[in-house]
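J.: Quick mapping for you: the protein sequence lines, in order, are chains A and B.
Sequential numbering from 1 applies to the first sequence in UniProt numbering.
Sequential numbering from 1 applies to the second sequence in UniProt numbering.
No wet-lab data here; the hints were simulated from the structure.
C-beta atoms are modelled at their ideal positions from N, C-alpha and C, and glycine is treated no differently.
Worth double-checking, as some hints may not be accurate.
What the hints assert, rightly or not - 30 Å max Cα-Cα, derived DSS-like pairs, lysine-lysine: (1) A/Lys24 - B/Lys49; (2) A/Lys105 - B/Lys49; (3) A/Lys90 - B/Lys49; (4) A/Lys99 - B/Lys49.
What the hints assert, rightly or not - Pulled a few chain A residues facing chain B out of the computed Cβ check, cut under 8 Å: (5) Leu7; (6) Ser9; (7) Asp69; (8) Pro71; (9) Gly80; (10) Phe82; (11) Asp87.
Single-letter residue listing:
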Amino acid sequence: MTDTTTLESIRNTVESHDVVLFMKGTPLFPQCGFSSLVSRVLQHMGVEYHSVNVLEDMDVREGIKVYSDWPTIPQLYVKGEFIGGCDIVKEMFETGELKALLDDKGIEAA
Amino acid sequence: MPMAADDISRLIREALPDAQVEIEDLAGDGDHYRATVVSPAFAGLSRVKQHQLVYNALGGRMGGELHALALITRAP
């Protein structure tokens, strides 16, 4: 069961960085294709982001799913708002919506 | 045990009776599917909310028994 301290620490992480990606592994060493795809999209767009390797902390790995009511990893947050997982980020990137969202939120993106 | 495509489709249609559901087996291994779901219930909802409706229909199997289900959702 996810306790409030975990949820609080997740909230703190999400609210203290413009862009946060909860992923399996790290941008340099992604441990899952879906996580890797999202981190590469952000890298391709030149977006600076804070990454959290959920494999290093089981509480966060489960807690993030409770926090966003979303069952899978990766999870992308922009200015504290949950944007989506791999499918949604990929679809938004392809349609240009991701760039529009980042521009709208004042975040540097190519 | 991965899920069969028909079970995925049935679960989604049970929760969203008016949905059109199309399941593609991406890797032929019964574990990597893409589901395209079109339903009036999605009208006006964000993609996150649309996908959450489908995940709820799958009753917590997403991310567990159902490892990789790519989702495409839209209103008609």
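J.: With reference to the structure, classify each hint as holding or not holding.
T.: A quick look at each hint next to the structure:
no., hint, result
1, A/Lys24 - B/Lys49, "holds, 23 Å"
2, A/Lys105 - B/Lys49, "holds, 21 Å"
3, A/Lys90 - B/Lys49, "holds, 16 Å"
4, A/Lys99 - B/Lys49, "holds, 21 Å"
5, Leu7, "violated, 18 Å"
6, Ser9, "violated, 21 Å"
7, Asp69, "holds, 6 Å"
8, Pro71, "holds, 4 Å"
9, Gly80, "violated, 14 Å"
10, Phe82, "holds, 6 Å"
11, Asp87, "holds, 5 Å"
The structure is inconsistent with the numbered hints 5, 6 and 9, although it conforms to all the rest.
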